[in-house]
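Same order as they appear, the protein sequences are chains E and U.
Following the UniProt record's numbering, the numbering of the first sequence begins with 1 at its first residue and continues without gaps.
Following the UniProt record's numbering, the numbering of the second sequence begins with 1 at its first residue and continues without gaps.
No lab work stands behind these hints, which were simulated from the structure alone.
Fair warning: this is a prediction, and the values are worked out from it, not measured in the lab.
It is possible that some hints are incorrect.
Pairs count within a copy or across copies, as identical chains cannot be separated in the list.
No farther apart than 16 Å at their CA atoms in a straight line, the calculated lysine to aspartate or glutamate pairs in the EDC-like style are these [stated by the list, open to error]:
1. K680 x D701
2. K679 x D717
3. K316 x E340
4. K598 x E785
Protein chains: 2
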Amino acid sequence: MVGGDAYKRGGRRPESEEDLGSGGIVEEDSGTLFGFGETNASSSGVDGSSSMAPMGVFRRRVPDKKKATESLDYEIAEHSVYRAEQAKRATWHQYRYLALKWALALVVGVGTATTAFLINLMVENLAGLKFSWTIQAMASSSAGAYFLYMIFNVLLVASSACIVTYFAPQATGSGIPEVKCYLNGIDLPGILLFRTLVGKVVGSVGSVAGGLAVGKEGPLVHTGSCIAALLSQGGSKRVHLSPKWFREFNNDRDRRDLVTCGACAGVAAAFRAPVGGVLFAIEEAASFWRPQLTWRTFFTTAVVSVTIRALMNACKGESDCGFFGGGGFIIFDINDGQSEYWIYELLPVLILGTLGGLLGSSFNYVNGKLTQWRIKYLYKNHHSSRRHVKVIEAMLVAFITSTFQFCLPLAFSCRECDPDIATCPRPAGVHYGNFVKFTCPGDNQYNDLATIFFNTQDDAIRNLLSSEMEQEYSPTALVTFFCFFFVLAVITYGISVPSGLFVPSILCGAAYGRLVGMLMTSITGNAEIKEGTYALLGAASFIAGAMRMTVSMCVIILELTNNLSLLPLVMFVLLVSKAVADLTGILPIYDLHIHIKKIPLLEHSSERYFRHLSASDAKSKTCVQFGRVEKVGFILDVLKSHTHNGFPVVEAHPTDRVTNETSTLLGIVLRNHLLVVLKKKISFMKDPSEVVDPVLAFQYDLTEFTKPISSQGVKLDEIRLTDEEQNMYVDLKQFVNTSTYAVQEDMSLAKVYQLFRGLGLRHLCVVPKATGVLGVITRKDIVPEHVEAQYPEVKHLSRTNSYGKLSRSPSFGSFSKTKDLGDSLIGTP
Amino acid sequence: MVGGDAYKRGGRRPESEEDLGSGGIVEEDSGTLFGFGETNASSSGVDGSSSMAPMGVFRRRVPDKKKATESLDYEIAEHSVYRAEQAKRATWHQYRYLALKWALALVVGVGTATTAFLINLMVENLAGLKFSWTIQAMASSSAGAYFLYMIFNVLLVASSACIVTYFAPQATGSGIPEVKCYLNGIDLPGILLFRTLVGKVVGSVGSVAGGLAVGKEGPLVHTGSCIAALLSQGGSKRVHLSPKWFREFNNDRDRRDLVTCGACAGVAAAFRAPVGGVLFAIEEAASFWRPQLTWRTFFTTAVVSVTIRALMNACKGESDCGFFGGGGFIIFDINDGQSEYWIYELLPVLILGTLGGLLGSSFNYVNGKLTQWRIKYLYKNHHSSRRHVKVIEAMLVAFITSTFQFCLPLAFSCRECDPDIATCPRPAGVHYGNFVKFTCPGDNQYNDLATIFFNTQDDAIRNLLSSEMEQEYSPTALVTFFCFFFVLAVITYGISVPSGLFVPSILCGAAYGRLVGMLMTSITGNAEIKEGTYALLGAASFIAGAMRMTVSMCVIILELTNNLSLLPLVMFVLLVSKAVADLTGILPIYDLHIHIKKIPLLEHSSERYFRHLSASDAKSKTCVQFGRVEKVGFILDVLKSHTHNGFPVVEAHPTDRVTNETSTLLGIVLRNHLLVVLKKKISFMKDPSEVVDPVLAFQYDLTEFTKPISSQGVKLDEIRLTDEEQNMYVDLKQFVNTSTYAVQEDMSLAKVYQLFRGLGLRHLCVVPKATGVLGVITRKDIVPEHVEAQYPEVKHLSRTNSYGKLSRSPSFGSFSKTKDLGDSLIGTP
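Using the sequences and the hints given, assemble the complete structure.
This is the structure in structure tokens:
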């Protein structure tokens with residue numbers, strides 16, 4: 001077992017620096033790893049624009065094939081091709097872009113809703129078939145029924161584990177941590193691919209129908225994100241359906257927005273909670289939020305809501321959806337529950353909150369330990385046998401789960417039905433609902449443990465939250481259920497199947513919540529107080545303890561139960577539970593798994609001690625940088641020998657006095673942009689002092705510079721250069737992001753962190769202290785009114801887009817007229 | 001009338017640069033206005049650390065009394081006093097701070113809820129008394145009743161107008177635009193003072209009870225914010241209740257969080273919609289949001305919810321709350337309404353959305369024109385007569401409103417009651433509810449126009465949304481009501497009383513919504529379709545058209561109606577209406593008023609043409625800056641002659657070669673910090689080359705450096721310096737924010753804007769291009785794990801706070817042990 005304090009936020013410390021980079025997780029570029037001689041540390045050592053000096057010792061050659069975890073490029077790189085692209089755009093382009101954006105949001109909504117519906121349909125039908133067969137078999141022999149039930153479950157889970165393990169390894173688990181990381185700016189390999197989507201959907205059906213202690217809600221968030229990411233791909237090149245205007249969203253920035261919509265759609269579809277979906281993204285999933293996104297995600301979830309309703313209505317009609325019908329979507333609807341509350345109920349709510357906080361964080365703690373143990377001991381073998389272990393593990397868990405589900409209720413005596421309730425016991429031939437008869441002999445008997453254990457989990461939740469009958473469950477049944485289910489949930493989350501955590505959390509919480517409710521009704525004797533209400537509050541408390549969501553969970557519960565009167569109680573239980581869980585110092589479950597996987601997620605606020613460090617403490621001592629004009633062969637060498645993804649470009653200016661050179665930072669050039677330039681070759685020039693023809697920028701296509709999702713873009717192998725080409729030069733100024741953010745060396749790291757995290761940067765230059773100040777910008781200076789007053793021509797230009805009217809002839813004669821724009825278009829040579 | 005395109009976002013252009021600064025609104029510092037000779041433009045011209053050179057011509061002396069609109073300091077200024085304060089802090093300090101933060105959130109919640117309850121109590125009682133007297137008087141004479149009603153209203157409104165005009169001018173209007181500006185970082189003078197709070201509460205009671213077409217919901221947001229801001233003041237110095245630990249929140253950064261909580265609490269109290277309150281802040285009010293804030297605002301609104309419930313229960317019991325009872329809080333509860341919808345209902349929803357978008361934005365347009373006209377012609381006179389005009393205007397509006405409310409229903413014939421409805425007509429002696437009898441002669445008759453016009457507005461909303469009776473209103477009554485009420489609402493918003501916009505918007509929207517509903521029921525003949533539902537959808541559409549809120553409005557409506565089944569319809573009507581309204585190009589009402597008042601609000605995204613400009617285009621050509629060591633008298637002169645609030649401090653380094661000086665930017669020093677230094681005098685030194693004793697920093701108190709709300713802090717008049725003192729020196733390095741954000745001159749303005757807006761800056765230095773690059777920071781470098789691995793001692797320091805153990809003796813002997821920290825504490829001399 002590794003150090004326990006790894007769970008605490010303050011204690012997140014890898015064993016060594018190398019540790020952080022191991023496992024293919026943090027093979028992040030830093031631009032600062034390798035030598036370049038000491039000369040690099042100060043600007044005076046950089047020797048000029050066409051620095052052909054040897055780049056120092058290249059310590060290792062990085063295999064190009066290995067796909068490491070990289071950051072995403074949320075920054076717009078303002079290089080000449082980008083500016084040229086802007087120049088080409090007419091006004092209608094903007095409208096097309098906007099229309100397409102909304103159309104994609106619509107498609108994401110419809111797609112996610114349909115997928116969610118299909119998953120539900122398949123799960124309900126498979127589970128219905130399973131229970132139907134088992135109950136038929138039970139008439140003849142319990143043992144036979146058990147074997148049938150167990151085999152059915154193990155097979156389903158095995159299919160799920162196989163597809164996840166052998167075909168789509170990224171589809172394992174809940175997917176919410178992965179989506180959260182993606183939206184934080186981390187490009188985990190393969191998490192948003194089509195194969196992951198398939199694995200998630202099929203695997204989810206298998207694991208949920210197979211009776212595991214998992215839900216389908218978490219995986220739906222991942223599913224929605226996958227659908228959104230695939231739509232942003234701009235069609236498929238393989239089937240030759242990739243129009244240029246459709247490829248426009250194939251960049252990290254637009255994709256981030258779409259994936260956010262997808263995640264919202266996933267939650268909205270899972271719980272039929274459209275507003276909850278939007279809030280989930282705001283509170284939990286998204287790291288960057290813009291007001292415009294609120295509106296767009298809202299639209300997406302509205303579409304989801306309507307689509308699911310339409311699909312469910314279609315199933316209600318003539319068409320036969322098999323066992324799908326009463327079950328499926330709305331998890332619980334306790335309209336018949338409590339509609340008033342008394343002030344003394346705050347005490348049990350406090351108790352529930354505390355319980356939820358403690359139990360939720362113990363869940364995280366134990367599950368985290370188990371996950372670390374799995375990584376360290378269970379999965380330590382080499383690739384293929386590790387995969388077999390995973391499948392066998394999943395089958396074993398399925399076997400244990402099935403055995404508990406079937407055998408435990410056998411040990412429980414039957415309870416008498418309330419004669420007023422017509423559906424007690426559940427009529428023969430119905431495979432969902434309350435009051436499961438199981439093996440009970442009498443006509444008016446039901447088995448209370450079987451009602452919650454030997455049932456689909458959606459039904460189990462409904463039954464636990466039901467207010468149909470007081471004392472429906474014996475305390476022993478509830479305690480037994482909680483203990484076994486808690487253990488099952490702990491061991492299940494982490495095996496190689498898609499597994500959501502909402503449903504197990506709700507079930508665990510509802511079990512002890514109902515216990516507290518029973519206590520309350522017997523103590524107070526108040527007939528208005530319902531056990532079901534406490535079950536709901538318990539569910540909320542466990543979720544808040546394990547996941548620490550408050551507002552979004554509150555709205556989701558609101559939308560699920562359709563009962564607003566209990567809102568203050570729900571709010572308080574969530575607050576207490578989260579506070580207690582936070583006090584334990586154990587991380588929320590998703591963050592815990594992110595931390596165990598050593599993914600460099602950037603939280604919103606920096607650590608306190610960051611204020612004691614400065615920017616120059618964080619950057620490494622040396623740095624690989626290019627001069628303005630570099631030899632092609634040299635660039636290729638650097639790319640081959642370094643994994644960095646961004647290289648600063650520095651231009652030297654010989655001043656009057658020969659001995660005193662000054663240099664300036666031009667900006668950062670990205671690795672994949674360099675690869676495109678090397679592959680395309682049109683920017684090569686024979687003479688390093690040649691002046692770049694600005695029209696060259698128009699010969700590139702901006703979409704060439706963007707990487708498709710989970711891909712490296714142009715690969716090093718694709719670049720074939722002759723010796724002659726290798727001896728040519730490239731003026732890197734054209735491809736530099738001229739608006740690179742830079743901080744002075746003495747800025748406190750806390751503020752650097754703020755900047756980096758707040759703007760979603762990938763590279764941040766650390767520069768020497770500024771040589772004086774040219775001016776100060778304040779609020780007034782950048783209010784659009786003021787800027788327009790100063791530069792009325794710019795507004796006009798922006799409106800009529802005379803930028804687009806620039807002649808594209810090689811002479812660029814018209815440029816002289818719009819000098820300012822010409823400058824910013826190509827950059828003065 | 002001024003230019004119509006001022007309404008469109010693209011057309012927001014002041015007539016001249018001076019225009020922007022006029023009216024005391026944008027007297028913003030820019031640090032860039034005045035000459036300093038040409039030498040300033042380049043760093044080489046700054047002549048050294050103890051630059052005693054004359055500062056050029058000071059063109060105007062700024063009167064110190066005038067309180068101009070400034071920006072707020074959301075940035076932490078990391079100067080030596082701040083670092084010393086950090087060093088003094090023990091670990092428990094952090095817990096006290098946290099506990100206090102939550103305690104304040106609790107108090108804000110309780111305070112806002114209580115205030116909201118009191119306002120409701122007073123409004124209901126005053127309005128109840130009014131209607132009771134009027135109805136009694138109607139028995140004898142209609143004319144007498146009219147005069148009684150009218151006089152009552154005019155007096156109430158006059159009292160409201162007087163208190164607002166003569167006592168608390170900032171309490172006028174809804175207050176939401178002001179709060180929005182405050183949270184954007186603009187310190188509008190006086191908007192969060194105690195007198196404004198009093199004016200808002202008392203004025204709100206008067207204007208709402210006086211029957212004006214205004215609501216009390218908008219003002220409650222402002223009320224909540226005022227309460228929060230006052231709590232952050234850290235007690236009152238006047239009553240000697242100002243413990244030091246309590247003053248800790250007396251800074252712009254912590255106050256922003258508290259005011260956000262207050263705004264949430266206001267919405268939560270107004271609509272009894274706790275989740276809606278949080279969302280309102282996220283979507284509309286707040287410009288900066290942190291995940292931690294979600295939780296804290298959520299807590300505040302939960303407290304509000306429970307407090308109001310408790311207070312209302314207290315009123316239900318023995319205690320006599322007068323006319324308060326059936327009315328008051330929950331505006332509408334249409335649980336008895338429609339619970340299903342059909343696909344063909346999307347068409348009327350589309351129509352309603354379009355109508356709402358068009359009518360909502362016409363409301364904005366006309367109201368904006370009227371407001372401009374008022375400013376230009378009505379209020380153009382000198383101060384005191386302008387104030388009388390405002391009061392007379394308010395009384396006139398009250399007179400017109402009362403006359404319409406009383407006389408229009410007289411022109412309408414009575415309608416027969418449905419005999420099944422027991423409360424039709426409203427029994428005598430009851431002063432609230434549906435089916436107002438008014439002057440109807442028959443026992444089973446009611447006047448439909450009086451039901452919505454001659455009633456409190458809360459009741460009018462309930463009646464319009466009621467599904468009790470089909471065809472309750474004649475189409476003529478609805479059309480008449482809409483037309484007159486729309487006009488009344490347009491002329492009322494903008495007069496000198498506290499006036500919310502939610503209630504008028506809901507009433508306008510509900511009127512045409514109900515019309516569409518009547519059309520639908522008569523066309524489809526579907527008995528399940530309720531007119532009340534359409535009234536609700538209409539209300540939503542008008543709000544979305546006028547205010548453009550979507551998610552928050554949706555949740556508020558959800559919480560108000562306690563009916564989730566219509567969620568998709570509500571979502572669609574909101575989306576359509578917002579889209580249509582946005583297409584008209586007319587700004588949302590709050591933004592429109594912000595724009596008319598010429599407040600430099602920074603929107604989230606910059607204008608498109610910002611990408612064509614660069615940082616050096618935005619900054620002015622010259623800039624006032626200090627050398628590192630400056631003469632006291634010189635600093636005082638600069639402060640007297642400039643309004644700037646931040647001054648860059650530059651240090652010159654004589655290099656080996658005498659002719660070639662280099663200089664570096666140390667950071668920005670703030671005006672109010674300089675004033676504190678000049679007042680306290682302890683940092684003065686006789687010799688400019690003296691080395692600063694680092695213990696000096698401990699003799700300041702950090703709270704001295706923070707400005708109380710709506711105050712200038714230390715004033716120039718307070719500084720009395722002898723000639724000798726004026727000839728002494730100050731080393732400004734101690735008071736400089738060493739972590740000043742700076743951008744290179746060629747960074748595109750779009751990115752500058754992003755940085756400025758995203759981090760909530762007040763000053764941003766524009767510096768020359770960097771002389772090379774020292775390194776690059778990437779994600780990996782600032783992940784806490786990595787930083788801790790590199791600097792294990794820092795983590796330890798942060799935890800045990802050995803910072804706090806630093807000796808405070810003048811010798812500072814212990815400093816050598818913790819060299820790094822000593823450096824960052826004082827800055828190496």
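Now for the hints, and whether the structure bears them out:
1. Proximity of K680 to D701 under the C-alpha cut-off of 16 Å is restricted to the intra-copy arrangement: shortest distance 11 Å within a copy versus 62 Å between copies.
2. When the C-alpha separation of K679 and D717 is checked against a cutoff of 16 Å, the pair qualifies only within one copy, where the shortest distance is 10 Å, while the shortest distance between copies is 69 Å.
3. In this assembly of identical chains, K316 and E340 lie within 16 Å of each other by CA distance solely across copies; the values are 15 Å between and 34 Å within a copy.
4. In this assembly of identical chains, K598 and E785 lie within 16 Å of each other by CA distance solely across copies; the values are 9 Å between and 47 Å within a copy.
This entry satisfies every hint, going by the numbered hints stated previously.
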